[in-house]
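Chemist: Okay, here's what each chain looks like letter by letter:
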Amino acid sequence: MGGLLFWHRFQFGFTATFHYLFPQLTMGLALVIVVLKGLALWRGEERHAGAARFWIRIFGLTFGVGVVTGIPLEFQFGTNWARFSRDAGGVIGQTLAMEGMFAFFLESTFLGLLVWGERRLGPRLHALAALALFLGSWLSGYFIVATNAFMQHPVGYRVAGDGSLQLADFGAFVVNRWALVQYAHTMTGAVVTGAFVVAAVGAFWTLKGIHLEQARVYLRTGVLLGLLGSCAAAFPTGDQQGKVVARHQPVTLAAMEGRWRSGPYAEVNLIGQPDVERQRLDNPVPLPGILSFIAYGSFSSDVRGLDAFPRDQWPTELELLYYGFHIMVGLGTLFIALMALAALQLARGRLERSRPVLWCLMLAFPFPFIANSAGWMVAELGRQPWLVYGLLRTAGGTSNLVHPGQTVFTTLGFAGLYLVLGLLYLFLVAGEVANGPQGHGRA
Amino acid sequence: MEKTWFWLVSVVVALYAVMDGYDFGAGALHLFVARTDRERREVLAAIGPYWDGNEVWLLAGGGVLFLGFPRVLAAGFSGFYLAMFMVIWALLLRGIAIEFRSHIREGLWRTFWDAVFAGASSLMPVLLGAALGNVVRGVPLDATGFFNIPLFTHWGVANPVGILDWYTLLTGALVLATLTGHGALFLAWKTSGPVHDRCRALAPALWVVVAVLALLATLATARVNPALYANLPRAPLAWAAVALFLAGLGAVFAGLAAGRSLLAFLGSGAFIVGLLAATAACVWPVMLRSTLDPAYSLDAFNASAGPYGLRAGLEWWLAGFPLALLYFGMLFRLHRGKVEAAEDGEGY
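Protein chains in written order, with the working numbering: chain E, 1 to 443; chain R, 1 to 348.
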């Protein structure tokens, strides 16, 4: 610990993880807001318009923090990963530049109109602004996932004479199969986060017995979208994601499950601690055949273990990768169970009186953030030891003239700034929730 | 194709300087030209609809640089490491200062964010100016195509150089004065009442400072990078750019004298574009000049991405650019005329 590579990786991992707490919520809320604005137009009821107004305020705050924590990442490609930028910029520069041109301008133009412009625009145009922002934020997500997909599964490139990667097929690069699968999985994850947060506020107000009309709208919307999102995160999107990993990164699949030896009826372990030194899993509780099924659609399929791959191809942070995968899948399963239960009570008209379920909904909102972060850890640690899979090793992508004294300094700077930023954000959101759907001093 | 991309990068950088420039200027000035909470909210209402979009020009510029000239982005960003993080942090603080301020109606809270907004908005132009100065002065790029320099060394322009020296501080001061003057003219155009009056009163003095600093920087450049002006006779575009920035300066003073705020503001925009275009025309095709050996310099030909990528990028860029202009046109039209401070809860 303490080397240049460690600090470059630690800083990007930290700033990217912190950043993504915010866009996952805004992308999820963007869908919620479009649904609410649509309902308000269709039914003409004030309660949906009011609900949209409250969530637009939360959206605006979250979006602002998402923007200022996202800009550093664009810079860090160049500052901390200069050799990667030099060698891959001719390819990934395309999607990153497209994000600015096609997504950010759209978002920045309509954000102000959405947050402050309801009176000026009227209901129809205001709903259109919500739709534009939804499009912008989901488009932005695609460009980032497509950039990441190139690092996971490079396609549409050629290697130039100087060793750099150059674009060779724009269509193949932008519509990378990996990108489509990962995008679907990422966006369902964002919907889960948005839905859980909306349901949590609804549950909180219902338990307190305040703002009941609004709380009812939040609960309905949150639970229905939460159930849809949680199910879709597992099947089909999670299932498809598992299959592309099995196909293109088989060593990652083996590491995710702590699978040392190859063989049929591969198991998923509910618990167990991977011991990389001795190549075993302590106190495992296996479910035989499940990993075979996830990877290849049949319980008896042969799944290669880590023994099938040379050691220098193994993901370097195997333990963290293993736990990331198990936390994501474990939480995802619990999300389906909770939302199915809540939806059942909702269908029976009893959700508002089921206090234990409301308590669970209220307290559950942090967990989708954890599951999404764990999912990205699986993607990014699973890609190791490669920066661009099979082409460029992570150690070969750093800025090697930047010394750790510089990187540690900027990492500490981020730690301090983000601590303050996170606390202020929570303080302001808590204030909005405490002020209720009408806001403070607003008509 | 490389030349097209060189100018594309230059155009987007100039757009960023002009557009976010008035936001920085307004931020740097607002403690002085807006004294009460209502006046400060008037300043925020003036830049409110645009600042977030203006900032996107920086990302769009970074994007085209990344796409078109990955070697320049890689060398520049890692070489100016600490300055880049100061830019990141200043942008971060500027953004949250604007966003968070309006959420709580409380004097100390707002005073705090006003100070953050002013500080971050003043720092950014200095950093942008220093960046320009570094590009003109050159950096110790070596055979690997990289360099890394500290914030400052001996404040001189000979190696070992730092990001800040007497010359880059001079260009930093020039850009700070220019964007502050630009912001004053923007506020004079978009506001009325006391804020308008104070901006109008302040602008002539600011622009005299700009003119003096521009002259000093021009003379200093001849000492720091004499080869730069050698390109002048062969660069007709540079002459047009010089004419543009002189005309811009003239329009600023003419607009101020005649009380035509929009003319003065457009003049300062032309001044900024002319200054950057003249610099770009003189350095062409070099993008990052090596002070160790001219052979190590990164230029539009040895640092560009492959021709297929440049062509593909140009195609979608030409589709996206009018779209971006359309959004801005729509915003300026929607918010045309003088602004008023929004009621609390109705705007920034």
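Warning: the hint list may mix true and false statements.
Distance condition first, Cα-Cα at most 20 Å in a straight line; then the derived SDA-like pairs of lysine to any residue [what the hints assert, rightly or not]: (1) K208/E x V357/E; (2) K338/R x K243/E; (3) K243/E x L287/E; (4) K208/E x M362/E; (5) K243/E x G272/E; (6) K3/R x W284/R; (7) K338/R x R119/E; (8) K243/E x Q273/E; (9) K208/E x E352/E; (10) K338/R x S262/E; (11) K338/R x M362/E; (12) K243/E x S300/E.
For the record, the hints were derived by calculation from the structure and aren't laboratory data.
Chemist: Indicate, hint by hint, whether the structure satisfies it.
Modeler: Checked hints:
1. For the hint pairing K208/E with V357/E, the CA-to-CA distance comes to about 14 Å; that is within 20 Å, so the pair holds.
2. Restraint check for K338/R and K243/E: not satisfied, since their Cα atoms lie roughly 58 Å apart, outside the 20 Å limit.
3. Among the hinted pairs, K243/E with L287/E is consistent with the structure: their alpha-carbon atoms are about 18 Å apart, no more than 20 Å.
4. For the hint pairing K208/E with M362/E, the CA-to-CA distance comes to about 11 Å; that is within 20 Å, so the pair holds.
5. For the hint pairing K243/E with G272/E, the CA-to-CA distance comes to about 23 Å; that exceeds 20 Å, so the pair is violated.
6. Between K3/R and W284/R the CA atoms are separated by roughly 9 Å; this keeps the pair inside 20 Å, and the hint holds.
7. The hinted pair formed by K338/R and R119/E meets the criterion: a straight-line CA distance of about 19 Å does not exceed 20 Å.
8. Of the supplied pair hints, the one linking K243/E and Q273/E is violated, its CA atoms being roughly 24 Å apart against a limit of 20 Å.
9. The hinted pair formed by K208/E and E352/E meets the criterion: a straight-line CA distance of about 11 Å does not exceed 20 Å.
10. A threshold of 20 Å between alpha carbons decides the hint, and for K338/R with S262/E the separation of about 72 Å lies outside it, so the pair is violated.
11. Restraint check: the Cα-Cα separation between K338/R and M362/E comes to about 46 Å, which exceeds 20 Å; the hinted pair is violated.
12. Taken as a hint, the K243/E and S300/E pair is honoured in the structure, with Cα atoms around 15 Å apart against an allowance of 20 Å.
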